[in-house]
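Guided by the hints, dock chain B onto chain W, whose structure is given.
2 protein chains.
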Amino acid sequence: MVKGNQSFIFNAGIFILSTSTVVGPFEGKGPLSGDFDIIHDDIWMNQDSFEKAEKIMLEEAALRTIEKAGIKKEEINLFISGDLLSQIISSNFAARTIGSPYIGIYSACSGSMESLLLAALIMEGNDIPYILTGTSSHNASAEKQFRYPTEYGSQKPPTAQWTVTGAGTCLLTKMFQGPKITSATIGKIVDMGVCDPFNMGSAMAPAAADTLYTHFQDLGITPDYYDIIATGDLGNVGHKICKDLLKDKGLEMPDNIFTDCGMLIYGDNQNVQAGGSGCACSAVVTFGHFLNRMNRKEIKRILVVATGALHSPLSYQQKESIPGIAHGVAIEM
Amino acid sequence: MVKGNQSFIFNAGIFILSTSTVVGPFEGKGPLSGDFDIIHDDIWMNQDSFEKAEKIMLEEAALRTIEKAGIKKEEINLFISGDLLSQIISSNFAARTIGSPYIGIYSACSGSMESLLLAALIMEGNDIPYILTGTSSHNASAEKQFRYPTEYGSQKPPTAQWTVTGAGTCLLTKMFQGPKITSATIGKIVDMGVCDPFNMGSAMAPAAADTLYTHFQDLGITPDYYDIIATGDLGNVGHKICKDLLKDKGLEMPDNIFTDCGMLIYGDNQNVQAGGSGCACSAVVTFGHFLNRMNRKEIKRILVVATGALHSPLSYQQKESIPGIAHGVAIEM
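Quick note, the sequences are listed as chains W and B, same order.
Residue numbering for the first sequence follows the numbering used here, starting at 42 and increasing by one per position.
Residue numbering for the second sequence follows the numbering used here, starting at 42 and increasing by one per position.
So that you can see chain W by itself, here it is in the shape it has in the complex:
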């Protein structure tokens, strides 16, 4: 059911049957390491390129999610996936391995929630047994593409973020009970003119604030409806801006509820400047950490607003600013 301008309430009973998360060694040393299914001890993952390593993680997460659900990969009716790499090659090549009907998406780091809300929107009105969604990112493939190869050892400003090496996937069904997808808010592009790819939190914060504000307006609820409200990868710079923007609009976000996946995934000792980022950031924190907490009955209702910076290396070179977007999905037990 459409609610307000940009939101949907799902009435068909769309449940998360299983999820899986795969991360690299650095993420495995962080505070959430106990929440991940597979932790690689080498960023190459036995591949000869970082791009192929990223694909391997997405394949592993997808196959593990299918295995956890107790079904065969031939039963997957649709795989929806996107990633950061040009022409989303991690997703395309993983989809070749999975072999199911496939929809490729691109919305940068908001891909985790764009794919999840698309799956829910499709499942709401169509009797599809199983839809698998997913996303991945790799620190070295993303740094090489968007900034400098990691081997250059270039220094970064405090506003920069660390792209998460990982992949997270989620299997939706209407046939079995589980954590339920209850609503979603589709984001609009918000571009405040930030041009600095080392300050993506600031570029994406206004989009996150816009989607959050719209979500509460559309649904007629207040932030305390949720136990956790998490932005995707604003990091501590963008998260503070987002909180201030919402306060200016009269929406106070309580500190004990409002957090950011990019602020949770790494420890204070991990020297990641403003925090984590990348497609996998919100995917592994949501599909690993938050869902584990829901399954342990520590929290009941979460809203994840994944944030994406929709520029490219070329648009940056052509002096364009960074368009931000944020897509929100609510999951309830």
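Some clues are possibly wrong.
Where chains are identical, the list cannot tell them apart; a pair therefore holds if satisfied intra-copy or between any two copies.
Claimed, not checked - The calculated BS3-like cross-link candidates involving lysine-lysine, where the alpha carbons are at most 30 Å apart (straight line), are:
| id | residue 1 | residue 2 |
| --- | --- | --- |
| 1 | 288 | 341 |
| 2 | 70 | 109 |
| 3 | 114 | 360 |
| 4 | 185 | 360 |
| 5 | 221 | 338 |
| 6 | 44 | 221 |
| 7 | 290 | 114 |
| 8 | 44 | 338 |
| 9 | 215 | 44 |
| 10 | 338 | 360 |
Rather than coming from a laboratory, the hints here were simulated on the basis of the structure.
All values derive from a computational prediction rather than experimental measurement.
What follows is chain B alone, placed relative to chain W:
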């Protein structure tokens, strides 16, 4: 309603309210020039880069489609778009201009039908008034990204294709009658090991054959159900392969029905080797030429199977083959 393994029949009454097409000067000299709304006389389109020119075409097509429908752009509930450029910047920046909720997709040249079938799948079960879908490509931006800058003047083999400069958009609604989206078949990745980006028709032909075969199996109909069955951009090399593959499976495609958008858009005198390609190829031929023919009552039922080559310049350099995909949508008066 799900039909068979990969297909859907739409029962909600999803209609095309308006479409619009924008092309470059070379396409404007082709045999379909009378079917396009805007023909630019310069490939720069008053911009300082080919990428910005591509974005301008997509914006023009979107705004013209909205104008033709007699609505305001603020009434668009969702814009779904993708293009060939890394991080789909044409779509992202056009979405910034349009200002509606936005879902970015990537499926290379099959983006025209991936966005259209996604819109129909979403509209089937949700009461959304208006969804706008679209895609764009620009010969010079695509050549520069995937092959060589056009300024190099490099020679091409006869299997190469010419990326269409253009953009096409389509506005769906359940509120007014018009050409109806009746069914769709979502493609799987098919990769037969072709690695040559100058022979994409061959790389994509098996995917097109797979989706076509599945469509007829799933729906229990034969090719003569349709007046036109068009692949997206196989060109004359890939189209022949596709036809042969289907014949091997016992499915004879009649010559008077089975065609390819990439074979229709340019004239024999235009020296485009195997034909047209690019996201805009199937978009402008379908949303311009085919729909004009439907509106003139010359044809009643069409099936467009848009084809995508899901490699990237990087995956090619890393010696990966080209994964193909094809998404089919049926439109009936």
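Here is what the structure says about each hint:
1. For a Cα distance limit of 30 Å, the shortest separation of residue 288 from residue 341 inside one copy, 25 Å, qualifies, whereas the shortest one across copies, 55 Å, does not.
2. For a Cα distance limit of 30 Å, the shortest separation of residue 70 from residue 109 inside one copy, 24 Å, qualifies, whereas the shortest one across copies, 56 Å, does not.
3. In this homomeric assembly, residue 114 and residue 360 come within 30 Å of each other (Cα to Cα) only across copies, at 27 Å, whereas the closest approach inside a single copy is 44 Å.
4. Taking the closest pair of Cα atoms, residue 185 and residue 360 come within 30 Å of each other both inside a single copy (19 Å) and across two copies (19 Å).
5. Proximity of residue 221 and residue 338 under a CA criterion of 30 Å is satisfied intra-copy only: 14 Å inside one chain copy versus 47 Å between copies.
6. Taking the closest pair of Cα atoms, residue 44 and residue 221 come within 30 Å of each other both inside a single copy (18 Å) and across two copies (26 Å).
7. Taking the shortest alpha-carbon separations for residue 290 and residue 114, only the inter-copy value of 25 Å comes in at or below 30 Å, while the best intra-copy value is 46 Å.
8. For the identical chains of this complex, residue 44 and residue 338 are intra-copy neighbours only, at 28 Å inside a copy versus 39 Å across copies, given an alpha-carbon limit of 30 Å.
9. For the homomeric pair residue 215 and residue 44, the shortest alpha-carbon distances inside one copy (21 Å) and between copies (18 Å) are both at most 30 Å.
10. For the identical chains of this complex, residue 338 and residue 360 are neighbours neither inside a copy (48 Å) nor across copies (48 Å), given an alpha-carbon limit of 30 Å.
In summary, the one numbered hint that this structure violates is 10.
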